[in-house]
Every structure is written in C-alpha cells, then in structure tokens.
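Sequences are here, hints too, so could you generate the full structure?
Residue numbers (the numbering used here), protein chains in the order written: chain A, 71 to 438; chain B, 726 to 1097.
I should point out that these hints are in silico values taken from the structure, not numbers from a laboratory.
Among these hints, one or two may not hold up.
What the hints assert, rightly or not - Below 30 Å or equal to it, Euclidean Cα-Cα: the simulated BS3-like pairs (lysine-lysine) are:
(1) B:Lys1043 with A:Lys239
(2) B:Lys1047 with A:Lys90
(3) A:Lys89 with B:Lys840
(4) B:Lys735 with B:Lys930
(5) B:Lys1094 with B:Lys735
(6) A:Lys404 with A:Lys239
(7) A:Lys90 with B:Lys945
(8) A:Lys90 with A:Lys80
(9) B:Lys787 with B:Lys812
(10) B:Lys928 with B:Lys735
(11) A:Lys431 with A:Lys72
(12) A:Lys413 with A:Lys239
(13) B:Lys840 with B:Lys818
(14) A:Lys404 with B:Lys808
(15) A:Lys434 with B:Lys928
(16) B:Lys818 with A:Lys239
(17) B:Lys945 with B:Lys928
(18) A:Lys90 with B:Lys928
(19) A:Lys413 with B:Lys787
(20) A:Lys404 with B:Lys812
(21) A:Lys90 with B:Lys930
In this text the structure is predicted, and so the values were computed from the model without any measurement.
The residues making up each chain are set out below.
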Amino acid sequence: MKQFITFLKKEFAHVLRDKKTLLILFGMPIVQILIFGFALTNEVTNARILIVDQAQDDISQQIIAKISASRYFEIENIISDASQIDRAFQQGIIKMTIVFPANFSSNLAHENKGQIQLITDASDPNTANTLANYASNIIQDYQRETNTLISQPFEIRPEVRMLYNPQLKAVHNFVPGVMALVLMLVCVMMTAVSIVREKEMGTMEVLLVSPFKPILVMIAKAVPYLLLSLINMVTILLLSVFVLQLPVNGNILLLFGESTLFIITCLTVGIFISVQTSSQQAAMLISLMGMMLPTILFSGFMFPIENMPMPLQIFSNIVPAKWFYIIVKSIMIKGVGFSGIWKETLILAGITVFLLAVSLKTFKIRLS
Amino acid sequence: MRTLRFLLQKEFRQIFRNRTILAIILVVPAVQLMILPLAADYEVKNINITIVDLDHSPYSQKLISTITSSGYFRLTGYNRSYKDGYKLIENDKADLILEIPASFETNLVRDNENKVFIAVNAINGVKANLGGAYLGSIIGRFNNDIRLDLVHAPRFSPRPTIEVVASNWFNPWMSYDLFMVPGILAVLVTMIGGFLTALNIVKEKEVGTIEQINVTPIRKHHFILGKLIPFWVLGNVVFTIGLLISWLIYDIVPVGSLGVLYFFVGIYLLAVLGLGLLVSTYCETQQQAMFIMFFFMMIFILMGGLFTSTDSMPDWAKMVTKANPVTYLIEVMRMVILKGSHLRDVTKHLAVVFLFAIVLNGWAIINYKKTS
Chain A
71 MKQFITFLKK EFAHVLRDKK TLLILFGMPI VQILIFGFAL TNEVTNARIL
121 IVDQAQDDIS QQIIAKISAS RYFEIENIIS DASQIDRAFQ QGIIKMTIVF
171 PANFSSNLAH ENKGQIQLIT DASDPNTANT LANYASNIIQ DYQRETNTLI
221 SQPFEIRPEV RMLYNPQLKA VHNFVPGVMA LVLMLVCVMM TAVSIVREKE
271 MGTMEVLLVS PFKPILVMIA KAVPYLLLSL INMVTILLLS VFVLQLPVNG
321 NILLLFGEST LFIITCLTVG IFISVQTSSQ QAAMLISLMG MMLPTILFSG
371 FMFPIENMPM PLQIFSNIVP AKWFYIIVKS IMIKGVGFSG IWKETLILAG
421 ITVFLLAVSL KTFKIRLS
Chain B
726 MRTLRFLLQK EFRQIFRNRT ILAIILVVPA VQLMILPLAA DYEVKNINIT
776 IVDLDHSPYS QKLISTITSS GYFRLTGYNR SYKDGYKLIE NDKADLILEI
826 PASFETNLVR DNENKVFIAV NAINGVKANL GGAYLGSIIG RFNNDIRLDL
876 VHAPRFSPRP TIEVVASNWF NPWMSYDLFM VPGILAVLVT MIGGFLTALN
926 IVKEKEVGTI EQINVTPIRK HHFILGKLIP FWVLGNVVFT IGLLISWLIY
976 DIVPVGSLGV LYFFVGIYLL AVLGLGLLVS TYCETQQQAM FIMFFFMMIF
1026 ILMGGLFTST DSMPDWAKMV TKANPVTYLI EVMRMVILKG SHLRDVTKHL
1076 AVVFLFAIVL NGWAIINYKK TS
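Right, dumping it as structure tokens:
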C-alpha cells in the first residue's frame, strides 16, 4: 500500500507539473461545450434562396412576401431570367430556387391550376428536402387563407403533444451528445500516452525492475486523470444546466455515478491503447484520428443509429459514448431512474472489465 | 538548395522507417472513408410508432393499416392504455404514440368531427417535427378517403389550386453518400496534415534532436520547408487515395475539373500545415500539441458545415465558421465534385485560404526560434 501511495504521488507530480497541459485540459471542454451548445443545430433556417419571377403579378408578389417573412428563408435575389439558375447554383450561394412561370396567375384564374417550381440543390439532400417542405407548406398556407371555403365535413383533427422538449430546442439533443463526445475523447487521449511515454522515454525500464505489479501501475496512472475528469465533468454539468438551460429531471447523484463509470471506461480505453502501442505518436494518432469521427458518428446524436446498415449498427454497440449518451438523455431529460438504464450501465461496466483484462494480459513486463 | 535536399531526405527516411505510423496514415483515412459515409444518413425513416386503440372499430383498423403501409412508420407496440405507450417512449422503443379515443367512429359520424391524440418524443426536435408532420399528412389522406365514403355526391366544385413541383438538381436520387463523401474526405486530409506536422516538430523538441539541428547552419526557412514538403506530399497522397475510393466504392466522379480540385487542395494543405507548425512552436510536449490540435479539429469538424448547415447558426457562430479553413475546403469539394463549379466560382474561397496559408506560416516562422 505504501508503495502504491508513493507511486501515486509521482503520477500526481507529473500531471500537476505540466501547467500548460492542465490549462488546456480544463479550458478546452468548457469552450467546446459553450460553442457547440449554442451553435449546433440540425434545424435549417436562414437558407438563402433565389426567386425567378417571370409572372410578376399580384399573387406571385404576395407569395414572395410570405416567403421572405419566414425565418427559414432569406431571399438573395429576385430575377426574371431563368437561364441564370445554373450559374447561381454553381457559385454555391443559394440552396433553392423558386420559379413562377410567366402565365402563373392567368392559368390559376382560367384553368384553376397554377404551377410553381421548386428547384433544390440536392447535393445536400437533407436541407433540400426540408426546404422544399417548408416552401410548399407556406404556399399551402397562402392558399388556405385565400380560399375561404366552408369547413369540410367529417374532419379528423390530430392533436399533437411534444413530450420532454415542447419548444423543440436542439440543445436537448446536442448537449448530451457533446458531453459524451468531449469527455470520451479527452479521457482517452490523456491516458493513451501515459504508459507509452514511459516506454519512449526509457523510464519504463526503471519501473519494470522495481517490485511493482502491472495492475498497480495502471491504476496509479489512471487515478490523477480520474480526478481531473471528475472536475471537468462537474464543470460541464454546471455549464449545461445554468448556461445552456438543460433540465435535470432525474436523480443528480445517479447521473454523477454513471458519469464516473463512463470516465473510468474511457480511461481504460486509453490505457488499452497505451499498452498496445510503442510510440506516443502512434498512440495519439490512433486515439485522435482513429476515434474522433467514429465517436461523433456512432454515438447517435448526429445521425440516427437505426438508419445505418446492420453491420454498422452492430459496430456502434462497442462505442462507449453511445451508451453514455443514452444514459445522460434518460436521466437529465426524461427523468428515468436506475431501473430504466441498468442495461446501459451493465454494458459500460462490461467494456471496462474486458479492456482492463486484455490490457493486463498483454502488458509486457520485459523490454523487447 | 543542397541543404534542403538533405533535410528532405532525412524526413522521408524517418517517415518510411516507421511502418506503424505509415500504416496509420494511409489505412485509417481509407477505412474511415469507406465506412463512415454509410453511417451518416439523415433521412428520417423507420419512425417507431405505438398505437393505443380504444375504439376497435373498422375505421380505427383502417387508419392503423394506412399508417403501417405508408413505409415511414414501424409499428412497435399496440397498447391498451396511454400509460403503457408512454413506457415504450421512456425506453426508447417508440418515437411517437397515436391514441385513438373510444367511440372514435361513432362520434366522427355523429358530431361531424373528432380528435386523435399524438404524443411525440421531442428530444430530437427535427425527427419529432418530421414524424409529426408525416403522421399528420397520413391522417389527412385517410380523412379524405373516409370523406369519399361518407359523402356520396361530389359536392366540391373545383377550386383554384396551386401545384408545387419540386425537382432536385445535382443529386436527383437524393443519395446521402454524394453529400458526405467529399466532406469526410476534406476532414481526413485536414487531420493528416495538421496532426502530423504538429506532432513531428514537437517530437524533435521532446526527444532533443532539435538542438542538433539548431546548432547547424540550417536556416529557418530551410528547416520549415523541410518539414512542410513531406507532409504536403503525404496530404496529396491521402487525397488521391480518397478520390480513388470515392470513385471505386461510391461511384463518385467529379463533375468539375480535377485540376481545380488539386490546385485548391494544394494551397489548402499549406494553410493546414501552417497551423500545425504554429501549434508546434508553442508547445513543449507531444501531449500539449495533440490537445491543442484536438481542440481546433473538433471546432473545425463540428463548425465546418460537414454535418449541420452553417446558415442556421447564430451570427457569432457564423463568424467562427468564416475563420475555419475546413469550411472552405468542404464547400469547394462539394461544389466542384457535385455541381461542377469552375475556378472562377471558387476564387473567393481560394483567396481566403491563401490568406490563411500566408498568415499561419508567417506567424510560425516568426515564432520559431533557433535559440531557446
């Protein structure tokens, strides 16, 4: 035990001595949570559009006025020459073009049918779809207002209630995701270099000749980072509750416990990488390049996992951030108790034990 | 010139000697480009719905079958009470609940109107909105059907209707790969260039070999060029591999010219390498360099318009995206590869990225000191 405490002291000294890294470690998550919490949204607003108005009559003017009043669209230009559409898209400024044909309102008056064409830049399919939906809704609204027909018989009226997030704020979806993402990557990167640095610097040899058990080396390496991450997590939580106004509907102690478990899991992933690699650069490239995009994609807060092809859905199960994202959402927003998340908790614990066992098994106690 | 040649020889030898790193550099981006675009599909389909049918009438049955046959919804539960349905939402088994009230059919015929209740799990606002809207329009269609059943004579005089026709340019099948592949390739090229440069120079500092270089008559710009050129070449190699993968696997052939693409990427890489260089002049250990690059990379990726549109961000965030070189690369890649934009369409992007390259590299050269 005394041995262990001495070793722990050494590790703390290492970590606390490097003031620059400490500053980065504490500052970075705060800045990221704030930026992403406020800026990230998958809503589409203020899309710049082009209007080709060959009709230039009352009705087209009224519809244009309605569209420009909507917060979804910003009209970049109104022209009457359809041949410029192609160029406008290629310059990459506009996302959609609305074309009113020349005889729009006369067709509407005489044939009871007028046509409006929406041309979307479908190189971004999601935005294209959403914008086309918005525009046709606005046009339909306009029609409903002008057509003062009597109400239809046998009307079924759907009453929609939005659960958990009545104002449809993007924060509720993104902040738990960013929390999982930032915690995961920071924890993995911190520990990924810890053991491999001793290998690279040659101090590993000193450790290996001492009567130290590998498990103690790993734990001593992880403890200072665990404390740092806990402080980080508390700051992130405080920021998301008080600045980003995320609710905490569930038990805060449970949330704290689950976060600790998640941090331990991530630290184990880092130690696993550290044991497997032989140079700091390799460890960093794996934990950064190898993990950044997959963690963003497979934690499920950007893209729905159920849309992915089957093999990728299975793969997403080994990404710890996915489980933590579910846990945070359940506790903070839905207010679920432990009975609702025991499965996720068990999976995180399982990943931790498995990685720890493999790391111990492959820890080399001899220099090659 | 001779000095530079020797330096380059040294750098390339070091890169090729370390097989692990070389494998990571070439394999990791390739694998990610092959797999990740498949995961990035935002189309909202397979919405899980649970139905609470308190009526059990022919109409409620018909409504349910209309919903399940629409293709957007997957029936995951059929509950006796709203409470049971709510449990499914709590466990993420269902995204929305449709409750058909008791004596729905009778009341609809008697009172000429009736309600159904929809409750949506709105944590993911966009999905909730779209799911609610789909369900609303399906109920509307069902409503029209039964109206035809109930109202016998064609009572409606034709009224003027505006027809909206949407056409999707540049990507008529609305395939998501087409949108994601160029963007992800842009991010991968950025990561390779930025990380490698930053880590490489700091490693010389950490191991101490930079002292040996500092005492030789190698000039500042020789040293920096000697570091930049190898990674510039590597960046281009990764970019070429990426283009090949998008051609072979996703069948994406750039509509615009390859020349424009390579020209732009060439200048862009200078800017990114400059950032790596600059970070390395401020750091003493590889760990510091990595954390700082991680910080920038996260902002670059999430604020670069790769996944979410930059137009929808608040004004201050738009400023951040303007100061983000990746935004420009992602935009240019998508413009040239998908829309066939010409060089004159991207001159503004080119000018900004060129400015980045000059400022970042200039700053790095000024800040790099041969004496510690």
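Checklist entry - Are there hints from earlier that the structure breaks, and if so, what are their numbers? => result Going through the list in order, the structure violates hints 3, 19 and respects the others.
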